[in-house]
Amino acid sequence: RWPPWLPPPFAALRQFSPFRLQSPDRRGRRGLGGCSRDRLRQPSPESREPGAQGVSWGLHPKEEGPRRAAGSGKAETSGPSGGIGSVCAPSSAPRTPRWVRTGRDPPRPAALAQPPLGRDAAWGAEQGPPVPPRGRPRRRRAQSQRWVMPSTAMKKKVLLMGKSGSGKTSMRSIIFANYIARDTRRLGATIDVEHSHVRFLGNLVLNLWDCGGQDTFMENYFTSQRDNIFRNVEVLIYVFDVESRELEKDMHYYQSCLEAILQNSPDAKIFCLVHKMDLVQEDQRDLIFKEREEDLRRLSRPLECACFRTSIWDETLYKAWSSIVYQLIPNVQQLETNLRNFAQIIEADEVLLFERATFLVISHYQCKEQRDIHRFEKISNIIKQFKLSCSKLAASFQSMEVRNSNFAAFIDIFTSNTYVMVVMSDPSIPSAATLINIRNARKHFEKLERVDGPKHSLLMR
Amino acid sequence: MGLRRSGKSSIQKVVFHKMSPNETLFLESTNKICREDVSNSSFVNFQIWDFPGQIDFFDPTFDYEMIFRGTGALIFVIDSQDDYMEALARLHLTVTRAYKVNPDINFEIFIHKVDGLSDDHKIETQRDIHQRANDDLADAGLEKIHLSFYLTSIYDHSIFEAFSKVVQKLILQLPTLENLLNIFISNSGIEKAFLFDVVSKIYIATDSTPVDMQTYELCCDMIDVVIDISCIYGLKEDGAGTPYDKESTAIIKLNNTTVLYLKEVTKFLALVCFVREECFERKGLIDYNFHCFRKAIHEVFEVRMKVVRSRKHQNQMQKNKRATPNGTPRAPL
Numbered sequence: 001r002w003p004p005w006l007p008p009p010f011a012a013l014r015q016f017s018p019f020r021l022q023s024p025d026r027r028g029r030r031g032l033g034g035c036s037r038d039r040l041r042q043p044s045p046e047s048r049e050p051g052a053q054g055v056s057w058g059l060h061p062k063e064e065g066p067r068r069a070a071g072s073g074k075a076e077t078s079g080p081s082g083g084i085g086s087v088c089a090p091s092s093a094p095r096t097p098r099w100v101r102t103g104r105d106p107p108r109p110a111a112l113a114q115p116p117l118g119r120d121a122a123w124g125a126e127q128g129p130p131v132p133p134r135g136r137p138r139r140r141r142a143q144s145q146r147w148v149m150p151s152t153a154m155k156k157k158v159l160l161m162g163k164s165g166s167g168k169t170s171m172r173s174i175i176f177a178n179y180i181a182r183d184t185r186r187l188g189a190t191i192d193v194e195h196s197h198v199r200f201l202g203n204l205v206l207n208l209w210d211c212g213g214q215d216t217f218m219e220n221y222f223t224s225q226r227d228n229i230f231r232n233v234e235v236l237i238y239v240f241d242v243e244s245r246e247l248e249k250d251m252h253y254y255q256s257c258l259e260a261i262l263q264n265s266p267d268a269k270i271f272c273l274v275h276k277m278d279l280v281q282e283d284q285r286d287l288i289f290k291e292r293e294e295d296l297r298r299l300s301r302p303l304e305c306a307c308f309r310t311s312i313w314d315e316t317l318y319k320a321w322s323s324i325v326y327q328l329i330p331n332v333q334q335l336e337t338n339l340r341n342f343a344q345i346i347e348a349d350e351v352l353l354f355e356r357a358t359f360l361v362i363s364h365y366q367c368k369e370q371r372d373i374h375r376f377e378k379i380s381n382i383i384k385q386f387k388l389s390c391s392k393l394a395a396s397f398q399s400m401e402v403r404n405s406n407f408a409a410f411i412d413i414f415t416s417n418t419y420v421m422v423v424m425s426d427p428s429i430p431s432a433a434t435l436i437n438i439r440n441a442r443k444h445f446e447k448l449e450r451v452d453g454p455k456h457s458l459l460m461r
Numbered sequence: 001m002g003l004r005r006s007g008k009s010s011i012q013k014v015v016f017h018k019m020s021p022n023e024t025l026f027l028e029s030t031n032k033i034c035r036e037d038v039s040n041s042s043f044v045n046f047q048i049w050d051f052p053g054q055i056d057f058f059d060p061t062f063d064y065e066m067i068f069r070g071t072g073a074l075i076f077v078i079d080s081q082d083d084y085m086e087a088l089a090r091l092h093l094t095v096t097r098a099y100k101v102n103p104d105i106n107f108e109i110f111i112h113k114v115d116g117l118s119d120d121h122k123i124e125t126q127r128d129i130h131q132r133a134n135d136d137l138a139d140a141g142l143e144k145i146h147l148s149f150y151l152t153s154i155y156d157h158s159i160f161e162a163f164s165k166v167v168q169k170l171i172l173q174l175p176t177l178e179n180l181l182n183i184f185i186s187n188s189g190i191e192k193a194f195l196f197d198v199v200s201k202i203y204i205a206t207d208s209t210p211v212d213m214q215t216y217e218l219c220c221d222m223i224d225v226v227i228d229i230s231c232i233y234g235l236k237e238d239g240a241g242t243p244y245d246k247e248s249t250a251i252i253k254l255n256n257t258t259v260l261y262l263k264e265v266t267k268f269l270a271l272v273c274f275v276r277e278e279c280f281e282r283k284g285l286i287d288y289n290f291h292c293f294r295k296a297i298h299e300v301f302e303v304r305m306k307v308v309r310s311r312k313h314q315n316q317m318q319k320n321k322r323a324t325p326n327g328t329p330r331a332p333l
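For the protein sequence lines, the chains are W and D, in the order given.
The first sequence runs 1 to 461 under full-length UniProt numbering.
The second sequence runs 1 to 333 under full-length UniProt numbering.
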């Protein structure tokens, strides 16, 4: 029974997150006390606003996920007990959540700037409170998560949608949460929407909505939660499973998404990822991808969509996500100009700028044609794998220098959110010279990353 | 050698051909004896014979004498996830036959596919196999034969570690190399050094401080990174040149004040060392010491080449004197 001194449940909570109330809990409600799982589902105050600060759920690793290699695809979990639409009893703690009462912002956490190293580094760009020291570092507790993005942070909403089992959560966990491809086998089906905030490049916050793809959820998105989900979207990423047998249904959902986007955020950029390409024979991959691309382009009119083929088992995943993230960086032209000046001054062959946690290539400059067109994503992949293996020793690498008789490459921390890679083809230049140059250039690029303050270019100095 | 589907070809591909362990699922069954000569790309200039699992010793066309006579080590792979009784029987047969032909063979048994077992189970299996194999040999009256057991899996670095140990037993110059490494690290303030074979990532020698699996894995990963980056940027304009050449160096600084330092020693070998950041400030000293070390290694191997060449010459002379036993071709079957 609802205690009389508390405001009535549905009225209070519905204004904050209507769809949350309907989120299914397979174990059924257990009343007000609830279990720890219920606490994870506490609605957050601004979550009805797009681009708002949500609660980071983290991922739900299950011990025995379905084996991808078996080809049977994800087992459809049995539907939620209550079904969508049934309003479950609120999952609140016995006391009313603080945000309902007070209008104040929750207190700012101590350190925002530097992502913590060590165990938390395993979370990559997803900032969260220190995890409890148990065997399962990937669970999170929701109640301690109240952090405020600085008001100057740009929040961009990225929707990740697709049918159930197409690979959305796996992709997200590899890029942003430092999973290796094999670990994604343990992931279970995503229930409803999973929010995560990814701090990217200092002042850019990607608000990633990983929408569960099962039929019941999809129907829900287009009907009752339509406005909430599709409003203010910057980027829509739609994931297709190349092995899916129900192409008609896939396309139908895709078109419904496009309609909703046209209505609510017509300026959104659309990316289509044809995923799980490793399950296709190597010689047929290009053919199949081209076919799909044409179909999708045709279906997406009048909207433009960019198509990529991806697989978590090679570097194509990085390529796709790099392109996606590249579109979201506000001052990318300026970055490239400055990089070019820098590279010309130090006589480098190529300079790459990586985002620190995900190692996606943000910007690059090359002074002559390089042989390997896929090198960006390969480098991202290589360094990310090395970073992960360093973390097994509870260390992380700071800088790297690789030489040969033909080249010298330097990878170093650049600004607080980026790494730089400088490739020189003249190995006679001593490394100390290049390292000093990199150090001096840091100050300029730090300035570029600050949102306030005038933008300086290297020339203006 | 080993039973069918025990994992022999997968091991060979993963260790020497840099195949990803997940791709070994697609390897086909080996149906003939495959002889690999890895001397061109790897320091391990051995011949590796990959036998199909169904080989029958009683088959007269199988001339096992010739094969075993030139063998230094025989690796028998047992699938630990399967019932291994038949494997043990076959092991016993193989070992007895091989011992008769050439009593100097090192017998190494890889208890394979242990990634699926829990730690207790692994130890239990190893103990069980060890006991049964030795009991079988004791029953046959061959207690002199020494068997070494290793727990391996292609999904982590244990296979490389086991292979390293197998290869180290076959290198005659090992004490010299270890000695050189000890002198080098004690004079340069280095914590740990490995002499790695770059292609297969097995280590030929290390100094006398204890080996930690994690540092070994980190070194393997470092070599991977260096070779991969060198493949992307390190080739000349026209694609000529190798990614790993005489001047390959790499320095990786970690945030726990350790520095990983890689330097090329010979065409196939690299030295990977762990140095503290304070000691790395005297890089010039380390480089000079390394220069002397490298010269010494080259001298050691020159002696070896001379010995090998003279031995080959001797064999050739002897062969010309006697007739070949049964005209079996020396070329790969």
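No lab work stands behind these hints, which were simulated from the structure alone.
Because the structure is a prediction, the values reported are computed rather than measured.
Hints may contain errors.
Said to hold, decoys possible - As a list, the in silico SDA-like pairs of lysine to any residue whose alpha-carbon atoms are at most 25 Å apart:
1) D:Lys-246 / W:Lys-249
2) D:Lys-263 / W:Leu-393
3) D:Lys-263 / D:Gln-314
4) D:Lys-263 / W:Pro-330
5) W:Lys-378 / D:Val-303
6) D:Lys-263 / W:Lys-249
7) W:Lys-447 / W:Pro-330
8) D:Lys-253 / W:Ser-391
9) W:Lys-447 / W:Ser-391
10) D:Lys-263 / W:Arg-285
11) D:Lys-18 / W:Arg-285
12) D:Lys-263 / W:Ser-399
Said to hold, decoys possible - Partial selection, computed: residues in chain D whose CB lies under 8 Å from chain W:
13) Leu-88
14) Gly-234
15) Leu-235
16) Lys-236
17) Gly-241
18) Met-305
19) Val-307
To be verified - Simulated restraints, written as ranges between beta carbons of each label pair:
20) D:Asn-134 / W:Pro-427: 53 to 59 Å
21) W:Leu-435 / D:Ser-148: 34 to 40 Å
22) D:Asp-82 / W:Asp-283: 32 to 38 Å
23) W:Lys-443 / D:Lys-267: 42 to 48 Å
24) D:Ser-186 / W:Lys-392: 25 to 31 Å
25) W:Arg-439 / D:Asp-120: 32 to 38 Å
26) D:Leu-27 / W:Leu-247: 50 to 56 Å
27) W:Arg-439 / D:Asp-82: 56 to 62 Å
28) D:Lys-169 / W:Lys-443: 33 to 39 Å
29) W:Pro-427 / D:Arg-4: 16 to 22 Å
30) D:Leu-27 / W:Lys-443: 50 to 56 Å
Built from N, CA and C at the ideal position, the CB exists for glycine as well.
Inset, instruction - Please write out, lowest number first, the hints stated earlier that are contradicted by the structure. - result: Checked against the structure, the hints that fail are numbers 1, 3, 4, 5, 6, 9, 10, 13, 18, 19, 21, 25, 26, 28, 29, while the rest are satisfied.
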